[in-house]
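S.K.: Spelled out, the chains give:
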Amino acid sequence: VRASVPSFFWGSAVNETRSGVMSSIGTGYDQSTTTFSPDGRVFQVEYANKAVDSSGTAIGIRCPDGVVLGVEKQKLSKMMVDGSNRRVFTVDKNSGMAVSGLMADARQVVNHARKESASYSDFYGGPIPGNVLCDRIAGMMHTYTLYWYVRPFGASVLLASYAEEGPQLYSVDPSGLSYRYFATAVGKNKNAAKSALEKLDLTTLTCRAAVIEVAKMLYSQHDPAKDKPLEIELSWVCDETKRMHQLVPADLKAEAEAAAKAAREAMDED
Amino acid sequence: MVTGGSVIGVKYAGGAMVAADTLASYGSLARYEGVVRMAQVGMANDTILAAGGDHSDYQYMLKMIDQKATAEFAIDDGATMTPSSLHSWLTRIMYQRRSKMDPLWNSVLIAGFRDGKSYLGSSDLYGTAFTDDFMASGLGAHLALPLMRKGWREDLTEAEARTLLEDCMRVLFYRDTRASAYITIGKVDASGSSVSEPYILDTFWEHPSFVSGNTRGDGSW
Numbered sequence: 002v003r004a005s006v007p008s009f010f011w012g013s014a015v016n017e018t019r020s021g022v023m024s025s026i027g028t029g030y031d032q033s034t035t036t037f038s039p040d041g042r043v044f045q046v047e048y049a050n051k052a053v054d055s056s057g058t059a060i061g062i063r064c065p066d067g068v069v070l071g072v073e074k075q076k077l078s079k080m081m082v083d084g085s086n087r088r089v090f091t092v093d094k095n096s097g098m099a100v101s102g103l104m105a106d107a108r109q110v111v112n113h114a115r116k117e118s119a120s121y122s123d124f125y126g127g128p129i130p131g132n133v134l135c136d137r138i139a140g141m142m143h144t145y146t147l148y149w150y151v152r153p154f155g156a157s158v159l160l161a162s163y164a165e166e167g168p169q170l171y172s173v174d175p176s177g178l179s180y181r182y183f184a185t186a187v188g189k190n191k192n193a194a195k196s197a198l199e200k201l202d203l204t205t206l207t208c209r210a211a212v213i214e215v216a217k218m219l220y221s222q223h224d225p226a227k228d229k230p231l232e233i234e235l236s237w238v239c240d241e242t243k244r245m246h247q248l249v250p251a252d253l254k255a256e257a258e259a260a261a262k263a264a265r266e267a268m269d270e271d
Numbered sequence: 031m032v033t034g035g036s037v038i039g040v041k042y043a044g045g046a047m048v049a050a051d052t053l054a055s056y057g058s059l060a061r062y063e064g065v066v067r068m069a070q071v072g073m074a075n076d077t078i079l080a081a082g083g084d085h086s087d088y089q090y091m092l093k094m095i096d097q098k099a100t101a102e103f104a105i106d107d108g109a110t111m112t113p114s115s116l117h118s119w120l121t122r123i124m125y126q127r128r129s130k131m132d133p134l135w136n137s138v139l140i141a142g143f144r145d146g147k148s149y150l151g152s153s154d155l156y157g158t159a160f161t162d163d164f165m166a167s168g169l170g171a172h173l174a175l176p177l178m179r180k181g182w183r184e185d186l187t188e189a190e191a192r193t194l195l196e197d198c199m200r201v202l203f204y205r206d207t208r209a210s211a212y213i214t215i216g217k218v219d220a221s222g223s224s225v226s227e228p229y230i231l232d233t234f235w236e237h238p239s240f241v242s243g244n245t246r247g248d249g250s251w
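These protein sequence lines are chains A and B, in that order. Per our numbering, residue 2 is the first one in the first sequence, and the count goes up by one each step. Per our numbering, residue 31 is the first one in the second sequence, and the count goes up by one each step.
Keep in mind that the hints were calculated from the coordinates and are not lab data. All values derive from a computational prediction rather than experimental measurement. You may find that some hints are simply not true.
Below 30 angstroms or equal to it, Euclidean Cα-Cα: the simulated DSBU-like pairs (lysine-lysine) are [claimed, not checked]: (1) A:K229 - A:K189; (2) A:K79 - A:K243; (3) B:K130 - B:K93; (4) A:K79 - A:K51; (5) A:K243 - B:K180; (6) A:K79 - A:K200; (7) A:K254 - B:K98; (8) B:K130 - A:K243; (9) A:K76 - B:K93; (10) B:K180 - B:K147; (11) A:K51 - A:K243; (12) A:K79 - A:K116; (13) A:K76 - A:K227; (14) B:K180 - B:K93; (15) B:K98 - A:K116; (16) A:K116 - B:K93; (17) A:K116 - B:K180; (18) B:K130 - B:K98.
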């Protein structure tokens with residue numbers, strides 16, 4: 002519940018996270034991304050993160066033989082065609098992105114990443130390394146937190162790359178911070194996903210097995226009673242795909258979803 | 031300017047095939063050997079681009095096409111560039127460049143196979159485009175086309191198409207002073223596209239007048 006007192010002179014808001022644990026009053030310091038609060042926070046960026054935290058979960062796992070990405074999509078309407086409203090995007094031949102947050106903002110980040118990859122290949126004659134691509138995306142997202150005439154991107158992206166440097170997974174958030182991960186999640190159920198990820202043995206997990214684990218996590222966090230119908234997107238870039246980023250083949254996706262549904266039923270019975 | 035020579039191609043039953051030698055000349059100097067003048071293009075593995083003329087312009091074309099193919103791969107919406115749309119796009123670019131008096135100095139052949147049908151088209155530095163059952167550029171247009179007109183049938187098998195192309199390339203090696211005997215063959219059919227490794231053509235030099243010379247003693251034959 003957000004109790005907001007709209008006011009022209011000070012756009013104050015009392016903020017509570019979903020759990021209601023932390024509340025912060027951004028009175029007077031949250032109107033512009035170029036304003037710090039007295040305790041050193043940039044509220045606009047924090048609010049952008051809230052857009053991410055209320056959006057569908059995205060999970061990424063880096064395996065020795067590649068990287069796997071998955072997102073939960075909520076089907077807002079039965080009229081929507083399956084496979085539309087993509088949330089996992091291919092950026093370059095060897096890299097892809099799963100996004101969480103405001104989709105319009107996320108798509109701009111993806112477009113920028115595509116342009117950076119293309120210009121890098123054009124200039125350097127090879128695929129853009131994951132860390133370079135990550136830095137460029139992070140730099141752009143950070144730039145949009147520096148000027149009052151733009152707003153921060155309300156999206157976090159998980160970047161999967163399998164170029165010459167091997168499989169890499171990065172996460173970039175609206176502040177422009179980026180980290181490299183073995184496995185991570187963003188979005189509304191990220192905490193549950195992260196605890197499930199910590200239980201995996203990432204030194205031996207193959208991409209095929211990781212796809213199934215991601216599906217299980219996405220299904221287990223979804224409550225068929227309360228949430229809208231679930232659709233998931235799974236993608237990978239691995240040895241099996243010859244390091245090309247693409248959605249997982251239909252048979253593997255079916256296998257993953259079947260395993261996920263079975264795991265959820267087994268959990269429900271407990 | 032480093033240039034490639036003739037490129038020839040045929041459609042056969044179930045596919046299309048192109049052949050070119052592996053020489054990149056520097057005027058009359060046979061400068062670079064082992065140069066493959068054809069490549070698989072696009073992400074659908076069903077198109078081959080082969081080019082004669084300026085080799086750097088050909089390399090630039092491959093780069094441009096690869097950028098387009100990568101963008102198409104990234105969008106991932108099910109649409110892929112067909113051989114004929116690639117031909118059309120490339121022709122437009124070549125025409126636009128010629129209209130700026132800055133041509134891509136090539137004659138290209140595009141061989142493809144999509145939706146069960148083979149495709150063979152050509153474009154040149156002026157932006158003139160044709161499609162046909164068999165085509166040749168450069169000196170091949172003069173030497174190889176007559177042989178292909180005699181030897182081509184709609185139901186050519188792959189082996190027959192290969193023999194026809196090899197025979198034409200052999201004649202080109204004999205008669206075109208800027209050709210080499212090492213060739214590559216690019217093939218595209220329902221199972222995909224491939225470019226062979228360079229290999230040498232068998233040639234025959236034991237003609238009596240080559241062996242025993244002539245009685246006139248003046249080198250003529």
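S.K.: Could you run down the list of hints and mark each one as holding or not?
M.R.: Status of each hint after checking the structure:
1. A:K229 - A:K189: With Cα atoms ~14 angstroms apart, K229 (chain A) and K189 (chain A) stay inside 30 angstroms; holds.
2. A:K79 - A:K243: violated (36 angstroms)
3. B:K130 - B:K93: Holds, at about 21 angstroms.
4. A:K79 - A:K51: holds (27 angstroms)
5. A:K243 - B:K180: The hint is violated at about 44 angstroms.
6. A:K79 - A:K200: With a Cα-Cα distance of about 35 angstroms, the restraint between K79 (chain A) and K200 (chain A) is violated, given a limit of 30 angstroms.
7. A:K254 - B:K98: Holds - the C-alpha atoms of K98 (chain B) and K254 (chain A) are around 29 angstroms apart, at most 30 angstroms.
8. B:K130 - A:K243: Violated, at about 41 angstroms.
9. A:K76 - B:K93: Roughly 40 angstroms between the alpha carbons, so the hint for K76 (chain A) and K93 (chain B) is violated.
10. B:K180 - B:K147: It holds: about 23 angstroms lies between the C-alpha atoms, which stays within 30 angstroms.
11. A:K51 - A:K243: At roughly 37 angstroms apart (the allowed maximum being 30 angstroms), K243 (chain A) and K51 (chain A) break the hint.
12. A:K79 - A:K116: Given that 30 angstroms is the threshold and the Cα spacing comes to 34 angstroms, the pair is violated.
13. A:K76 - A:K227: This hinted pair holds, its Cα atoms lying about 13 angstroms apart.
14. B:K180 - B:K93: violated (37 angstroms)
15. B:K98 - A:K116: holds (12 angstroms)
16. A:K116 - B:K93: OK: K116 (chain A) and K93 (chain B) at ~15 angstroms, within 30 angstroms.
17. A:K116 - B:K180: Violated, at about 50 angstroms.
18. B:K130 - B:K98: Holds, because 22 angstroms separates the two Cα atoms, which is no more than 30 angstroms.
Going through the hint list in order, the structure does not satisfy hints 2, 5, 6, 8, 9, 11, 12, 14 and 17.
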